[in-house]
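Protein chains in written order, with numbering that gives the first Met the number 0: chain A, 0 to 80; chain B, 0 to 329; chain C, 0 to 270.
Think of the hints as simulated: they come from the structure by calculation, not from any bench.
Please note: incorrect hints may appear among the correct ones.
Sample of chain A residues lacking proximity to chain C, with all beta carbon distances greater than 12 Å (derived) [unchecked claim]: (1) Leu3; (2) Tyr18; (3) Ala66.
What the simulated footprint calls covered on chain C by chain B, stretch by stretch (three residues with Cβ under 8 Å from a Cβ of chain B suffice, anywhere in the stretch; the number is not a length) [stated by the list, open to error]: (4) 110 to 116; (5) 185 to 196; (6) 257 to 267.
Don't be surprised by glycine CBs; every beta carbon is placed ideally from N, CA and C.
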Amino acid sequence: MKHLGLEAGVFARSLYLQYVALFQWATVRGYIAYKVLLPVTQILFFVQWGVYATGRQNALYLALGNALQLTANAAIFGPRS
Amino acid sequence: MPAIEARRLRKTYRTTRGVFRRERVEQVALRGVDLAIERGELFGLLGPNGAGKTTMVKIFTTLLLPTSGAAVVLGLDAVRDQWALRRRIGFVFGGERGLYWRLSGLDNLRYFADLYRIPPEVSRRRIPELLERLGLAGRERDRVELYSRGMKQRLHLARGLLNDPEVLFLDEPTIGLDPVGARELRVIVRELADAGKTIFLTTHYMFEADAICDRIAVIKGGEIVAEGTPSSIKTVVQDQGVVEFEVVGMPADRLAGLRTLPGVTSVAVADHELAQVVTIHCARPADVMTQLGLVLDGMTMEKVSSREPTLEDAYVQLIGDSPTNSEASP
Amino acid sequence: MNLLGPQRLVVRSLVRAAFSAFVLSVRLRVISPWSYLNWLVFPLLFAIVGLYVLSLPGAGSSHLVYGVLGGGLIGYWSVAYIDAGNGIQDERWNGTLEQIFATPTPLWVILLGKVCGGLLFGLFAFVPTAAAAFFGFHAVLPALDPWRFVISLGVLTLSFFCIAITMAPLFALWRWAFSMINGFELGVYILCGFMFPVAVLAPWAQGVAGFLAPTWAVKALYAATVAQGPHDFAAWWAVTSGLSLAYLAGAYFLYALVEREARVSGELALV
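With the sequences and hints as input, model every part of the structure.
Given below as structure tokens:
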């Protein structure tokens with residue numbers, strides 16, 4: 000039980016440090032680049048491509064699919080940093 | 000005409016901090032430095048981290064522009080005449096970075112030989128000579144990532160010598176090297192100086208400067224605080240002695256007590272495994288040794304000794320309290 | 000450009016330096032796994048998805064040509080442009096950016112060689128995508144005009160070269176510029192009509208696209224593969240070349256700025 004408590008403490012501390020580090024690392028430019036510019040252009044590209052190929056009826060499906068993929072990116076690349 | 004000259008050299012870095020409310024920050028690295036180094040001299044610049052050593056090297060090697068003042072190398076202005084100057088100087092920065100690790104040592108040298116615009120017939124002759132001289136012959140076709148740290152540093156030096164420079168700048172070249180590797184590099188540097196090259200070496204290893212430099216300067220907070228031959232620098236502490244001992248756990252009040260002893264000019268504490276090594280610079284070592292027992296009453300001292308001051312002692316005196324010392328201060 | 004000495008020798012030494020940078024960039028790409036992602040894996044993925052979607056019942060048959068060439072164009076652009084930025088960033092991480100900057104070879108000469116290395120690898124992207132189209136989907140270019148196609152590809156290469164050589168110094172000067180790289184990459188996919196014609200975009204977007212040199216070369220490239228017109232190759236090639244040269248004129252001032260600002264800030268050594 001004590002062992003589990005120690006590990007929970009390490010987890011909580013690393014969680015807190017990751018959270019704090021995020022704000023030390025973040026810049027307005029970086030946020031705009033990675034969280035605004037990149038997702039918006041990716042969604043626009045794939046929606047436009049899909050609409051051109053298959054018609055306007057699939058636009059929402061493509062937009063949501065890309066949004067989900069972009070959200071998943073954070074989880075995939077998160078452990079790298 | 001000096002080979003290297005700095006006249007009222009000043010450098011201020013301007014940067015910002017904060018995410019939303021950006022705050023402008025100014026960091027003064029050099030505060031009007033004057034320096035002159037003659038041709039063929041092996042000159043050492045000593046100083047703690049952040050003192051301005053690397054900034055000065057980067058200004059002389061045309062990588063940085065000074066905020067004001069002049070930096071002149073071989074009669075060429077490091078600000079305006081960068082293209083002419085870059086062909087006549089070499090530089091080596093300490094550490095392992097600065098090489099293409101996935102390529103061989105030979106590929107690295109060939110690439111930089113072309114970037115230094117060395118005619119192929121010259122580089123074909125010079126590269127094997129340098130590999131031989133620096134003890135890399137036979138390993139030149141291995142990838143750099145397989146080299147030891149000492150080999151990487153020798154490869155850096157070979158790169159710095161590709162254009163047969165008249166002036167060579169070495170920024171902490173032995174940092175991180177094992178004692179044997181560092182000694183080998185020092186021997187090579189001394190040989191280069193003996194062969195007539197002007198060498199500007201920065202280091203914070205006192206024994207290194209003492210062993211190979213013709214002349215040294217000590218820089219602190221962007222200002223030169225002492226300049227001369229190693230022996231003349233030692234005169235700063237010639238009328239002093241050094242008392243050293245080891246102790247486990249050094250309370251701040253006892254440290255303050257040591258500082259108040261008659262004749263004591265500085266007290267430095269450095270961690271050594273579980274113990275602390277206390278170094279006291281003082282005018283009369285014998286008197287201080289007799290009073291140690293009073294100040295450190297009840298504490299167990301080991302390896303108590305008295306010795307003549309070294310260049311390192313002079314350096315400590317000039318630089319003042321080390322960070323370790325400051326942290327230990329009350 | 001007097002970099003000291005007889006001009007003939009100076010030019011020869013600079014050509015040698017650029018060629019050496021080209022060889023180095025090719026060798027580093029050959030041994031880098033990331034490089035294969037950019038010119039082989041990603042273009043192939045785009046091509047296969049594009050060909051699949053454009054082959055579905057209901058999709059216009061003339062659309063298929065975008066599946067055949069689109070993946071290759073994306074790969075070509077990504078390697079030519081992204082690798083110019085990545086190349087600078089890699090130099091920064093290696094600690095070699097400062098080393099090459101301090102040599103007597105101007106930065107633009109070194110980047111010239113590196114960008115040419117990127118263009119060579121970028122062209123490779125057409126091989127797997129064309130193979131996927133032919134063998135996987137039995138898709139071919141319907142009415143290929145080989146000469147006009149080759150000239151259009153050459154003009155497109157000029158435009159990619161000019162953009163890459165113009166943008167590369169920005170990555171050297173400002174570390175934050177690297178963070179913008181992906182957004183701009185995707186923006187060009189959209190605006191230059193790599194996977195669908197520019198005509199489907201909103202009028203304002205078409206206006207913006209008109210200022211991008213690759214737009215006109217891509218238009219010519221696709222026109223060289225289909226019979227139906229209108230085809231105005233000479234005008235499209237001229238606009239691409241004119242815009243590309245205008246970028247180069249801007250690059251001239253940019254390199255002067257980089258040479259100076261990098262020496263003021265000292266950021267080349269930072270990672």
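(Q) Count the residues of the segment 185 to 196 of chain C whose Cβ falls closer than 8 Å to any Cβ of chain B, and tell me whether that reaches three. (A) Coverage by chain B is violated for the segment 185 to 196 of chain C (0 residues, Cβ < 8 Å).
(Q) For A/Ala66, is the shortest CB-to-CB distance to chain C above 12 Å, so the non-interface label stands? (A) The claim holds: A/Ala66 sits with its nearest Cβ about 15 Å from chain C, beyond 12 Å.
**Q.** Given as non-interface: A/Tyr18, partner chain C, CB spacing beyond 12 Å
**A.** 21 Å, holds
Q. Within the segment 110 to 116 of chain C, is the number of residues with a Cβ closer than 8 Å to a Cβ of chain B three or more?
A. Coverage by chain B is violated here, the residue count being 0 at a Cβ distance below 8 Å.
Q: Decide, holds or violated, for the assertion that all CB atoms of chain C are farther than 12 Å from the CB of A/Leu3.
A: At about 39 Å from chain C, A/Leu3 clears the 12 Å cut-off, so the statement holds.
Q: Check, residue by residue, whether the segment 257 to 267 of chain C contains three or more positions whose beta-carbon lies closer than 8 Å to a beta-carbon of chain B, and give the verdict.
A: Three-residue rule met by the segment 257 to 267 of chain C, so holds; n is 6.
Checked against the numbered hints above, the structure violates hints 4, 5; every other hint is satisfied.
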